[in-house]
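J.: Sequence:
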Amino acid sequence: MDKLEELKEYLKGIGSIAIAFSSGVDSTFLLKVAHDTLGDKCIAITGQSPSFPEREKQEAAAFCQKEGIKQIAFDANEIQDENYAQNPKNRCYYCKHILFSKMLEIARQNGIEHVAEGSNMDDLGDYRPGLQAISELKVLSPLREVGLTKAEIREYSRELGLPTWEKQSFACLASRFVYGERITADKLKMVEKAEEQLSQLGLKQYRVRIHGNLARIEVAPSDIALLVQEDIRNGIVNSFKDYGFSYVTLDLQGYRMGSMNEVINK
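Those letters in the sequence shown? Residues 1 to 266, by the working numbering.
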């Protein structure tokens with residue numbers, strides 16, 4: 001039995017399930033398979049906040065509408081929690097605890113037995129304090145249960161015709177903040193606007209990391225030459241300053257996942 005069939009068999013034994021849905025590669029795949037397997041016994045729950053870009057919110061709603069999946073969106077308000085807003089190294093623990101506690105309550109209110117999230121085997125290799133909250137709250141992780149990797153999820157997504165099969169990985173906007181820098185709605189909006197501008201340039205993999213009033217841009221090394229072209233560089237600098245940044249820098253190492261975690265063990 002291949003892993004997709006294993007996943008279907010696992011889900012059949014669940015009964016009813018609510019998928020924490022962000023419109024990313026993993027949660028879209030999990031939601032599609034769960035809904036195909038369980039029908040109306042599967043719903044999507046989406047937490048909305050300033051750390052969740054408007055573009056992602058619209059994509060999540062459009063996918064659920066297209067697939068005929070019941071989606072419940074709620075205001076997460078995690079930014080109101082001081083443990084989260086102060087942005088400690090285990091910020092993701094507090095965030096996930098807030099989000100999934102609310103999702104579990106919403107699921108119960110809708111007669112759904114379980115809540116599941118979309119982490120995969122590759123997520124075990126990085127610093128992921130949010131997984132502790134997932135474990136404590138007994139949130140299910142079906143993709144990890146059957147041993148699926150990111151590459152396998154993308155391939156199955158392609159076979160299923162999902163638009164996300166080649167979508168770049170995306171983490172919440174709070175991951176753009178250097179640890180210890182307070183997270184505010186205004187700064188999250190600055191990052192969202194800045195990254196949206198990079199998207200408009202046709203870039204696929206990018207991050208705008210925020211260090212006080214400095215923006216540190218990460219793009220694929222092959223795209224660095226594009227950003228230093230005079231007209232594009234000037235456009236980025238002028239726009240970023242309009243968004244509220246005082247300084248705009250380009251990281252010569254290029255994009256890498258979890259670059260803010262590089263300082264943890266130093």
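Just so you know, not all the hints are guaranteed correct.
[Unchecked claim] Here are the simulated DSSO-like cross-link-like pairs (lysine-lysine), alpha carbons at most 30 Å apart as the crow flies:
| # | residue 1 | residue 2 |
| --- | --- | --- |
| 1 | Lys138 | Lys150 |
| 2 | Lys241 | Lys189 |
| 3 | Lys193 | Lys3 |
| 4 | Lys193 | Lys204 |
| 5 | Lys241 | Lys102 |
| 6 | Lys189 | Lys70 |
| 7 | Lys12 | Lys89 |
| 8 | Lys102 | Lys12 |
If you are wondering where the hints come from, they were derived from the structure by calculation, not from laboratory data.
J.: Now tell me if each hint is right for this structure.
T.: Hints and how they fare:
no., hint, result
1, Lys138 with Lys150, "holds, 23 Å"
2, Lys241 with Lys189, "holds, 13 Å"
3, Lys193 with Lys3, "violated, 39 Å"
4, Lys193 with Lys204, "holds, 16 Å"
5, Lys241 with Lys102, "violated, 37 Å"
6, Lys189 with Lys70, "holds, 28 Å"
7, Lys12 with Lys89, "violated, 37 Å"
8, Lys102 with Lys12, "holds, 24 Å"
In this structure, the hints that do not hold are numbers 3, 5 and 7, in rising order.
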